[in-house]
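Q: All chains should be built: construct the whole structure from the sequences, respecting the hints.
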Amino acid sequence: MESIVDLLRYDPGQLPASAEQLRKDVRDFLAVEMKQYSALKRAYTWDGADQAFSEKMGAKGWLGMTLPKEYGGAGLSNLERYVVAEETLFAGAPVGFHWIADRQSGPLIARIGTEKQKAELLPRICRGEICFCIGMSEPNSGSDLASLQAKAVRTDEGWLINGTKLWTTNAHIASYMIGLFRTDMEAQPKHAGLSQFIIDLKNTPGVTVRPIEDLTGRKHFNEVVFEDALVPHDALLGTENDGWRQVGSELAIERSGPERFLSCAVLFIELLKVLEQGDDQSAKREIGSMLANLVTLRSMSLSVSAKLAQGDDVSLQAVIVKDLGAEFEQTLPGIVQKIVAIEPNLSDDAEPLAQVLALLTMLAPSFSLRGGTVEILRGIIAKRLGVS
Amino acid sequence: MSDISLMLEDSVTRLFSDKVDREFLQDQEKKGWAAELWELTEELGLSAVLVKEENGGVGGDWADAYEIIKGCGRFAVPLPLPETIVARWLLDQTNLDVPEGPLTLIPTMEGSNAKRIPWGRNAVAGCATQETGSGTSVRLVDFTDVVFSNEANLAKEPRDNCPTTGRVTDGAVNLPADASFYLGAMIRSAQLAGVSMALLEQAAIYSGERSQFGRNLNKFQTVQHNLARLATAAASLDSISRFAFATMDSVGFKYDANTDVRFAIAAAKSRASECVDLICALSHQIHGAIGFTYEHSLHFYSRRAWSWRSEFGGSSYWSNTLGDIALGLGSEKLWGAITALGSNETTTAD
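So the sequence lines, in the order shown, correspond to chains A and B. Going by this note's numbering, the final residue of the first sequence carries number 388, and the count climbs one at a time with no gaps. Going by this note's numbering, the final residue of the second sequence carries number 350, and the count climbs one at a time with no gaps.
There's no promise every hint is true.
As the list claims (entries may be wrong) - The calculated DSS-like cross-link candidates involving lysine-lysine, where the alpha carbons are at most 30 Å apart (straight line), are:
#1 A:Lys35 <-> B:Lys219
#2 B:Lys333 <-> A:Lys338
#3 A:Lys383 <-> B:Lys219
#4 A:Lys273 <-> B:Lys219
#5 A:Lys41 <-> B:Lys333
#6 B:Lys333 <-> A:Lys56
#7 A:Lys273 <-> A:Lys338
#8 B:Lys156 <-> B:Lys30
#9 B:Lys254 <-> A:Lys273
#10 B:Lys30 <-> B:Lys115
#11 B:Lys156 <-> A:Lys24
#12 A:Lys60 <-> B:Lys333
#13 B:Lys219 <-> A:Lys190
#14 A:Lys116 <-> A:Lys202
By construction, these hints were calculated from the structure, which means they are not laboratory data. In this text, all values refer to a predicted model and were calculated from it rather than measured experimentally.
A: Structure follows, in structure tokens:
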């Protein structure tokens with residue numbers, strides 16, 4: 001058996017030389033595009049969605065970069081995508097419309113989709129025309145994902161879907177959902193009888209999307225109800241009853257990206273702007289400590305990205321990045337409060353730092369929930385290390 | 001990873017796991033210098049890993065050195081091997097002759113006073129980079145006739161003061177004056193990464209053996225989660241320390257602390273020093289009372305961690321340094337400096 005030390009290895013990820021020009025191009029593009037964006041608007045990062053912005057990214061060739069050229073991609077490695085992802089996140093660009101499709105739906109379809117699915121969907125993902133959402137959680141299946149109930153039954157006309165998906169980010173603007181449904185009701189263990197489907201949300205009768213207001217007052221996640229929704233036979237993605245494993249393969253990239261520690265970059269920068277004015281020595285240490293955390297997380301994230309580019313299994317390393325990233329981001333609002341005497345304030349005329357602090361203080365609880373709760377992640381880490 | 005790295009990691013792991021166990025460490029704390037173990041490391045050429053091949057060394061890079069130095073931490077190796085590796089690299093950049101035997105790094109030198117020199121009494125000489133008017137020199141201090149006033153760190157590793165310096169020779173070098181202090185911090189962060197792994201490994205083993213309430217400790221979810229947090233912290237140290245060594249290979253010292261290896265080293269030592277509390281606390285908590293005894297081996301690792309965190313600058317020093325870097329660059333340029341790390345280009349913040 002591999003030792004714990006080998007399992008936890010993070011070999012330094014080195015970006016290819018070509019990435020530097022790419023980074024410069026992205027920065028130049030963002031400098032123009034983001035000019036009108038307030039700090040508060042930037043703070044939404046991947047929660048902010050703007051199709052027009054995504055289409056511009058697509059026109060630049062910065063979406064679906066890892067997808068094959070024949071389907072409109074650039075055939076590049078995950079490292080080039082990493083550069084574009086971290087630059088757009090840091091700038092607080094509204095990447096929400098394309099984020100999920102670019103990060104995982106596209107690559108998943110490219111890997112296991114049928115020729116028809118690839119030809120139909122990938123070029124549109126690369127152009128920033130379609131938004132994807134991921135249908136996983138249900139009213140009675142949150143962390144206990146394997147217990148999910150929504151089902152797809154094969155009929156002569158296609159798959160008949162019934163059930164409810166919950167907390168589905170962007171379902172209200174998405175053209176497609178890649179959803180996980182039960183296809184074998186008798187299967188044991190529970191996770192054995194699940195399959196993934198690509199569902200056309202806009203053109204399938206029987207699908208109702210109901211936005212749910214979050215505690216900040218925004219609507220970005222949804223309840224999606226399926227009532228005898230009929231999708232064609234070829235909506236099945238990958239292999240029937242192999243959904244659990246397919247979903248697992250998406251997670252390494254979902255959990256280790258720069259969004260795991262850059263969601264609060266705007267807060268950090270606004271804090272720095274305020275501190276630049278004064279001479280607070282104790283603040284300096286807090287800033288340094290935060291920066292050490294951020295640079296550490298980036299080294300881990302970059303390492304995972306480089307390994308993914310080589311096709312290695314880094315699911316454990318990815319889970320660790322997510323766990324640590326969530327912890328880091330959740331402590332930031334408190335650290336800001338420790339350094340600066342400031343009240344979170346969402347009013348239009350409030351200081352940018354007060355506005356951003358207000359938003360992120362309220363968003364913080366979600367960091368250790370979405371993409372796997374911290375409890376689930378720590379359970380996975382213990383299991384993978386063979387210490388449970 | 002290079003073949004040399006793999007080979008080194010393998011031989012270091014075999015040598016130290018074979019020789020350095022609890023009995024050895026207990027014995028060494030009483031007797032002092034582990035001469036035999038030092039000779040074994042010399043036979044493998046470990047201290048010459050960074051010395052050029054034409055000068056009789058291994059010709060390895062910093063990534064290779066990392067495996068050895070991390071191994072020294074993981075196995076609580078009671079030798080100034082990390083210090084000697086760096087000292088020999090520094091001397092290799094100059095025209096000075098390299099003395100035979102263990103060397104060390106002098107953390108701070110004020111006039112003729114040098115304090116808390118790691119393994120001073122056991123080393124044949126110590127060195128540090130210093131500003132000498134015309135530029136930076138590697139200052140080599142011969143310890144042959146030096147009388148040390150002996151002190152030690154919490155792990156009883158010698159940290160000696162030297163009231164009068166010995167014979168001094170200077171060799172010009174193309175490095176910033178604080179290079180040796182940064183490199184000292186870099187090796188301590190690698191040792192901390194190694195010792196964190198040991199604290200994790202021991203906790204993992206113990207929790208799988210010890211049973212309470214009718215089941216092994218690692219069957220309790222609270223314990224599993226503590227092990228996961230411990231693993232996460234240890235992994236983060238390994239990552240950032242490894243990253244600093246890799247940056248030494250790709251960028252080195254470039255006379256611009258904002259974009260060169262100093263940024264990565266400051267982050268590594270700051271992070272490492274800050275994580276020590278959590279890592280030691282969790283490992284000790286999982287071990288319960290037995291881990292608090294001298295008889296158990298756990299303290300050989302935790303006492304080192306508690307000392308190494310402060311040596312060559314602790315979290316206060318390094319987070320302050322990073323804070324200076326951040327505020328110096330300002331909100332406009334900081335991101336450029338962060339992304340310059342790990343890039344293949346050797347230039348730039350702007």
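Q: For the pair we were handed, A:Lys273 and B:Lys219, check the Cα-Cα distance against 30 Å.
A: violated, 48 Å
Q: Could you grab the alpha-carbon distance between A:Lys35 and B:Lys219 and see if it respects the 30 Å cut-off?
A: Violated: A:Lys35 and B:Lys219 sit about 54 Å apart, past 30 Å.
Q: Given the hinted pair B:Lys254 and A:Lys273, is their Cα-Cα distance within 30 Å?
A: holds, 27 Å
Q: Compare the distance between the alpha carbons of A:Lys60 and B:Lys333 with 30 Å, and conclude whether the hinted pair is satisfied.
A: holds, 25 Å
Q: Would you mind confirming whether the straight-line C-alpha gap from B:Lys156 to A:Lys24 stays at or under 30 Å?
A: Status violated; Cα separation ~51 Å.
Q: Under the criterion that the straight-line Cα-Cα distance not exceed 30 Å, is the pair B:Lys30, B:Lys115 satisfied?
A: holds, 23 Å
Q: Sort out whether A:Lys338 lies within 30 Å of B:Lys333, counting only the CA atoms.
A: holds, 25 Å
Q: Are the Cα positions of B:Lys333 and A:Lys56 separated by 30 Å at most?
A: With a Cα-Cα distance of about 26 Å, the restraint between B:Lys333 and A:Lys56 holds, given a limit of 30 Å.
Q: Is A:Lys41 within 30 Å of B:Lys333, Cα to Cα?
A: It holds: about 21 Å lies between the C-alpha atoms, which stays within 30 Å.
Q: Given the hinted pair B:Lys219 and A:Lys190, is their alpha-carbon gap at most 30 Å?
A: holds, 22 Å
Q: Do the alpha carbons of A:Lys383 and B:Lys219 lie within 30 Å of each other, as the hint requires?
A: holds, 11 Å
Q: Given the proposed pairing of A:Lys116 with A:Lys202, does the C-alpha separation stay at or below 30 Å?
A: Cα-Cα ~19 Å, so holds.
Going down the numbered hints, you'll see the structure goes against 1, 4 and 11, while the others check out.
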